[in-house]
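**Student:** What follows is the residue order along each chain.
Number of protein chains: 2
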Amino acid sequence: MSAEPPFVPETSVLAVASHVVSGNVGNKIAVFALQSMGCDVSAINTVQFMSYGLSIICSNASVKRKGNHTGYKQWKGTRVSAQEITDLWEGLKQSYLDDFDMMLSGYVPGAAAVEAVGNIGKELKHKSKDQKPGSFFWVLDPVMGDNGRLYVAEDVVPAYKNLIQYADLILPNQFEAELLSGVKITDFASLENAVRVLHRDFGVPHIVITSVSLPTLGSSPSPQTTRTMSVVGSTMTSDRHPRLFKITFPVFECYFSGTGDMFAALMVARMREAVTNYDKHSNGNGSLVGKLSWLSPDDVDALDLPLTRAAEKVLASMHEVLDRTCASLTAEMAEKQKDKDLDEKTLHLLKSRASELKLARNLGSLRNPKVEYRAEKM
Amino acid sequence: MSAEPPFVPETSVLAVASHVVSGNVGNKIAVFALQSMGCDVSAINTVQFMSYGLSIICSNASVKRKGNHTGYKQWKGTRVSAQEITDLWEGLKQSYLDDFDMMLSGYVPGAAAVEAVGNIGKELKHKSKDQKPGSFFWVLDPVMGDNGRLYVAEDVVPAYKNLIQYADLILPNQFEAELLSGVKITDFASLENAVRVLHRDFGVPHIVITSVSLPTLGSSPSPQTTRTMSVVGSTMTSDRHPRLFKITFPVFECYFSGTGDMFAALMVARMREAVTNYDKHSNGNGSLVGKLSWLSPDDVDALDLPLTRAAEKVLASMHEVLDRTCASLTAEMAEKQKDKDLDEKTLHLLKSRASELKLARNLGSLRNPKVEYRAEKM
Numbered sequence: 001m002s003a004e005p006p007f008v009p010e011t012s013v014l015a016v017a018s019h020v021v022s023g024n025v026g027n028k029i030a031v032f033a034l035q036s037m038g039c040d041v042s043a044i045n046t047v048q049f050m051s052y053g054l055s056i057i058c059s060n061a062s063v064k065r066k067g068n069h070t071g072y073k074q075w076k077g078t079r080v081s082a083q084e085i086t087d088l089w090e091g092l093k094q095s096y097l098d099d100f101d102m103m104l105s106g107y108v109p110g111a112a113a114v115e116a117v118g119n120i121g122k123e124l125k126h127k128s129k130d131q132k133p134g135s136f137f138w139v140l141d142p143v144m145g146d147n148g149r150l151y152v153a154e155d156v157v158p159a160y161k162n163l164i165q166y167a168d169l170i171l172p173n174q175f176e177a178e179l180l181s182g183v184k185i186t187d188f189a190s191l192e193n194a195v196r197v198l199h200r201d202f203g204v205p206h207i208v209i210t211s212v213s214l215p216t217l218g219s220s221p222s223p224q225t226t227r228t229m230s231v232v233g234s235t236m237t238s239d240r241h242p243r244l245f246k247i248t249f250p251v252f253e254c255y256f257s258g259t260g261d262m263f264a265a266l267m268v269a270r271m272r273e274a275v276t277n278y279d280k281h282s283n284g285n286g287s288l289v290g291k292l293s294w295l296s297p298d299d300v301d302a303l304d305l306p307l308t309r310a311a312e313k314v315l316a317s318m319h320e321v322l323d324r325t326c327a328s329l330t331a332e333m334a335e336k337q338k339d340k341d342l343d344e345k346t347l348h349l350l351k352s353r354a355s356e357l358k359l360a361r362n363l364g365s366l367r368n369p370k371v372e373y374r375a376e377k378m
Numbered sequence: 001m002s003a004e005p006p007f008v009p010e011t012s013v014l015a016v017a018s019h020v021v022s023g024n025v026g027n028k029i030a031v032f033a034l035q036s037m038g039c040d041v042s043a044i045n046t047v048q049f050m051s052y053g054l055s056i057i058c059s060n061a062s063v064k065r066k067g068n069h070t071g072y073k074q075w076k077g078t079r080v081s082a083q084e085i086t087d088l089w090e091g092l093k094q095s096y097l098d099d100f101d102m103m104l105s106g107y108v109p110g111a112a113a114v115e116a117v118g119n120i121g122k123e124l125k126h127k128s129k130d131q132k133p134g135s136f137f138w139v140l141d142p143v144m145g146d147n148g149r150l151y152v153a154e155d156v157v158p159a160y161k162n163l164i165q166y167a168d169l170i171l172p173n174q175f176e177a178e179l180l181s182g183v184k185i186t187d188f189a190s191l192e193n194a195v196r197v198l199h200r201d202f203g204v205p206h207i208v209i210t211s212v213s214l215p216t217l218g219s220s221p222s223p224q225t226t227r228t229m230s231v232v233g234s235t236m237t238s239d240r241h242p243r244l245f246k247i248t249f250p251v252f253e254c255y256f257s258g259t260g261d262m263f264a265a266l267m268v269a270r271m272r273e274a275v276t277n278y279d280k281h282s283n284g285n286g287s288l289v290g291k292l293s294w295l296s297p298d299d300v301d302a303l304d305l306p307l308t309r310a311a312e313k314v315l316a317s318m319h320e321v322l323d324r325t326c327a328s329l330t331a332e333m334a335e336k337q338k339d340k341d342l343d344e345k346t347l348h349l350l351k352s353r354a355s356e357l358k359l360a361r362n363l364g365s366l367r368n369p370k371v372e373y374r375a376e377k378m
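Top to bottom, those sequences are chains S and F. Anchor point for the first sequence: position 273 equals 273 in the UniProt record's numbering, and the numbering is continuous, going up by one each time. Anchor point for the second sequence: position 244 equals 244 in the UniProt record's numbering, and the numbering is continuous, going up by one each time.
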């Protein structure tokens with residue numbers, strides 16, 4: 001038997017997000033990514049969609065593409081109401097199944113459901129604060145929109161603004177970071193300011209902005225060269241100052257769906273791994289795992305944060321999986337179009353399907369990616 | 001990057017079964033097991049239960065324990081109706097997402113829903129027969145009851161009797177094999193007769209009876225020795241005669257839940273693998289993959305069937321995962337009971353939780369198990 005040891009210590013994760021019948025997005029992708037890293041996952045599915053894809057060319061979308069529910073331009077399915085989310089949670093509690101080390105919350109339909117999910121996070125956080133600080137860590141992906149466009153109801157925005165103070169790590173894209181902080185991000189200074197506001201005014205300990213596209217951050221406007229994007233992260237100091245890093249990576253000129261969900265799930269597992277590794281090498285200089293929100297001491301540099309280590313590995317996995325998906329997608333579409341005169345709708349649907357991340361066939365890329373793109377200071 | 005190659009060729013599987021929020025049963029276990037073997041899985045969830053466990057001591061339950069919905073003695077959740085199953089399927093078709101190589105159908109609530117799922121299987125089967133025989137394979141787990149007790153409505157039994165003629169492989173337990181064949185299984189002769197009826201009268205090509213407990217089949221009645229059980233399988237010949245084999249294995253004296261779902265999912269992947277391997281080594285003597293129901297030529301011995309190879313590997317994985325689950329369960333319960341005076345209900349709930357298969361932490365056992373228990377002729 002050739003069992004690789006799991007990366008993380010026993011980790012029980014509650015994942016709340018959409019479920020789809022077909023396609024690797026929402027909880028479907030998150031649950032598999034978490035399990036493949038050795039986490040024990042309980043999933044509350046906020047939506048059972050027939051499919052939930054995406055179809056915008058990923059020129060500026062290689063890390064985060066979580067929203068376009070109409071990727072397949074059609075869907076059938078049932079929403080799970082706020083009350084049902086609460087019922088499922090009460091059921092878990094009654095059965096003593098509420099003993100979670102981490103929580104990942106993703107796409108939630110509507111403000112009432114966001115609040116219902118928020119109540120779960122708050123309750124778990126409160127319990128851990130009292131009993132054992134650091135024993136619970138909440139990763140919140142505030143799915144609201146992208147590229148200047150909301151794809152949730154407007155009242156979801158204030159619902160998230162009320163909630164993020166309870167989260168340990170948030171994963172907004174550039175547009176969502178603007179919505180939450182109230183700061184329009186146009187250059188390095190405004191980007192830093194947005195992060196500062198999220199740390200200072202909301203007290204969010206860890207932030208990763210998952211898709212930053214600013215000319216000064218490494219994006220090359222020339223069509224001749226490979227375009228790049230950046231992920232920007234920060235773990236606050238004890239007086240809530242940012243410790244900023246960025247990781248810049250090339251953009252695939254390919255369609256993808258579910259990348260945001262994959263990014264979020266891997267961040268959960270890699271954050272746990274990084275904090276555990278930090279403790280192992282700290283030579284007894286205090287444990288992060290036992291500290292509220294796993295906050296690194298103030299003398300830890302931006303490039304040495306567990307958050308930085310985690311983000312590097314996650315991006316390495318993303319890069320390998322996207323690379324392979326892009327290759328098989330090109331082959332698949334060529335095959336489908338062979339000898340066939342497909343209409344636009346059919347072509348669109350086939351492309352949406354082909355854009356789904358090839359996770360199950362790339363387990364090695366999830367578990368043992370080669371880190372090529374390193375974090376830099378900003 | 002240390003990527004192990006996937007075991008199966010690109011395989012797209014439609015999995016229809018229950019979903020649970022917590023616990024490794026139903027589609028939750030099936031989807032992960034299939035994905036970990038490299039399959040691309042689309043899942044239709046027939047039930048979103050809060051939990052769905054099991055709590056009968058597994059003295060005669062080490063392979064199959066799929067039914068007891070009241071394992072946690074309480075649940076909250078929503079059933080997905082027959083109409084919704086049909087809607088989800090129509091949605092998949094409209095989006096060109098109905099291109100499946102295999103289907104796994106498990107627990108389905110009620111006769112109408114069984115029919116709805118059956119219509120999906122029939123349609124896929126029909127399409128493949130016309131276009132490309134062998135390009136679709138349906139594994140049907142006729143979940144109805146166990147140990148002489150039905151845990152579905154009575155009209156589910158005739159619904160399955162009407163349906164199994166369309167399946168390629170069915171996975172009844174001993175009781176379900178009796179219900180379907182109308183033959184009471186009390187000894188070797190009646191067991192063989194039940195399999196004969198299923199092949200001859202229903203035309204089911206492949207059968208695995210997942211938990212056979214007969215004294216003559218290796219079960220030891222003495223409490224001093226390790227008790228055993230058997231899995232009994234057969235692939236019919238072209239004139240519908242059985243080719244029987246059995247695999248006998250020791251029984252863990254431990255609680256488990258979800259073993260039936262794990263068994264079924266692994267059978268899907270391992271059957272695909274075994275048939276692919278058969279073709280690789282057949283030296284051009286015809287391909288099984290291109291034959292309706294992947295039926296081996298008549299001169300293939302019971303012990304050389306792809307079904308036999310598949311069942312051996314599946315049982316090897318089961319044995320390793322159950323062994324590890326049993327060990328961690330014992331440790332977990334000892335920990336929980338330490339310093340605490342737990343009431344019966346709490347104890348029961350904790351045991352149910354601890355009985356969940358430890359899949360995510362035993363990926364190696366799923367992918368590369370050591371085959372210890374070999375098939376024998378009957």
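Quick caveat, the hints were computed from the structure, so don't treat them as lab data. From a predicted model like this one, the values you see are computed outputs, not experimental measurements. A virtual CB, placed ideally from N, CA and C, is assigned to each residue, including glycine. Mixed in with the good hints, there may be bad ones.
Stated by the list, open to error - Ranges between beta-carbon positions, derived for each pair:
#1 286/F <-> 371/S: 41 to 49 Å
#2 338/F <-> 12/S: 52 to 60 Å
#3 203/S <-> 327/F: 47 to 55 Å
#4 203/S <-> 368/F: 41 to 49 Å
#5 151/F <-> 10/S: 45 to 53 Å
#6 149/S <-> 93/F: 28 to 36 Å
#7 10/S <-> 184/F: 42 to 50 Å
#8 12/S <-> 126/F: 42 to 50 Å
#9 280/S <-> 165/F: 25 to 33 Å
#10 150/S <-> 286/F: 55 to 63 Å
#11 368/S <-> 147/F: 38 to 46 Å
**Student:** Take the hints in turn and mark each one as holding or not.
**Tutor:** Outcome of the hint check:
no. : hint                        : in the structure
1   : 286/F <-> 371/S: 41 to 49 Å : 48 Å, holds
2   : 338/F <-> 12/S: 52 to 60 Å  : 19 Å, violated
3   : 203/S <-> 327/F: 47 to 55 Å : 42 Å, violated
4   : 203/S <-> 368/F: 41 to 49 Å : 46 Å, holds
5   : 151/F <-> 10/S: 45 to 53 Å  : 32 Å, violated
6   : 149/S <-> 93/F: 28 to 36 Å  : 30 Å, holds
7   : 10/S <-> 184/F: 42 to 50 Å  : 45 Å, holds
8   : 12/S <-> 126/F: 42 to 50 Å  : 44 Å, holds
9   : 280/S <-> 165/F: 25 to 33 Å : 58 Å, violated
10  : 150/S <-> 286/F: 55 to 63 Å : 58 Å, holds
11  : 368/S <-> 147/F: 38 to 46 Å : 44 Å, holds
The earlier numbered hints that this structure contradicts are 2, 3, 5, 9.
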